[in-house]
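K.L.:
Starting from the known structure of chain V, arrange chain X on it as the hints suggest.
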Amino acid sequence: MNHQSWPLWEVFIRSKQGMDHKHVGSLHAADAAMAMENARDVYTRRQEGISIWVVESKYVHASNPDEAEILYDPANDKVYRYPTFYDLPDELTHM
Amino acid sequence: MTIFQPSSSTLLDYLLHLADNALILGHRNSEWTGHGPILEQDIAISNIALDLVGQARYFYQYAATLRAGSTEDTLAYLRDVREFKNCLLVELQNGDWAASVLRQFFFSAYQYFLFGQLQGSADATIAAIAEKSLKEARYHLRWSSEWVIRLGDGTAESHARLGNALSHLWMYTGELTSPAEYELRLADKKIAVNPALIRENWMARIDEVFEQAFLEIPVDSWMQSGGKQGQHTEHLGYILAEMQYLQRAYPGCEW
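Chains as they are written, first to last, in this note's numbering: chain V, 1 to 95; chain X, 96 to 350.
Next comes chain V alone, as it looks inside the complex:
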């Protein structure tokens, strides 16, 4: 069997408690149906999840690590983007 030709898929699992699907890993499969079953067999054997998403890896577009400086560093000194930067009136107790 030539599994070199089987595309790679990214797997996202939602746990029983979780609200969102989290990336858990990747796997090989011939098509979406097989990817779903493989994800079930590989990533939910220990009751890790109650919902699965799979997406073919080629459809995931990633940011370029070389651009980390221009992409993320400018946020370093913007403390006013955090709610804790602001002094709240004493009457506000549930923030």
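By construction, these hints were calculated from the structure, which means they are not laboratory data.
Among these hints, one or two may not hold up.
[Unchecked claim] No more than 25 Å apart at the CA atoms, straight line, and that leaves these computed lysine-lysine pairs for DSS-like: (1) X/285 to V/16; (2) V/16 to X/284; (3) X/285 to X/230; (4) X/284 to X/227; (5) X/227 to X/285; (6) V/16 to V/58.
The structure displayed is predicted, hence computed values, not measured ones.
P.N.:
For chain X alone, coordinates are given in the frame of chain V:
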């Protein structure tokens, strides 16, 4: 070590039959662990092996309550070939991937209809085990059906391999739905299912999948039998030799 006498209990025979089917196929599937065609499918068939061994445990645990001095372990590890009541199909050698998934398909379709009916068993323990195991059988059936279709409707080689597997395995499928004496006697009491009554459903499911896999059901084939009565192929002895070696050589050994 306990020496077992041939059992006279019909219910015990039936429970051992159900357990042995699951244990032996579970063992066969576990032989794929580390040898699967691709990591993901290695895990998939190992999961199925574990499901089947789990089913075997439930039936052995129940069976052990009917035979004084026995436990699930003595039933699995200290009986000889002639005391095993599994169908011949499950003890055959794995062959290639096509043969293994086709065998799983035949067996899972059988378990699917069997457990569906057994959920209504007059025996509450059997009904409960059937209800739990049915969920597993449904997934095994889906997984194996898709593999049969994928290989049958795949390349010339995959289709040819599946065809070879079919011509080898088909003669062992008749036994699944041919009732043994103990099945008939318990079916009268609504404890067991007469497997002849699920034959039609089983055949319809095989037909449906074969149509998509471009396979034809062989006609007028001689059907092998005997496993349910303890008459096995030469393969079962080798399985038991490997599976039982440790308990036979070091009785009571735990780790």
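K.L.:
If a hint holds in the structure, say so; if it does not, say that too.
P.N.:
Hints versus structure:
1. X/285 to V/16: Distance of about 39 Å is beyond 25 Å: violated.
2. V/16 to X/284: violated (42 Å)
3. X/285 to X/230: Roughly 22 Å between the alpha carbons, so the hint for residue 285 of chain X and residue 230 of chain X holds.
4. X/284 to X/227: holds (22 Å)
5. X/227 to X/285: holds (19 Å)
6. V/16 to V/58: Distance ~28 Å between residue 16 of chain V and residue 58 of chain V Cα, so the pair is violated.
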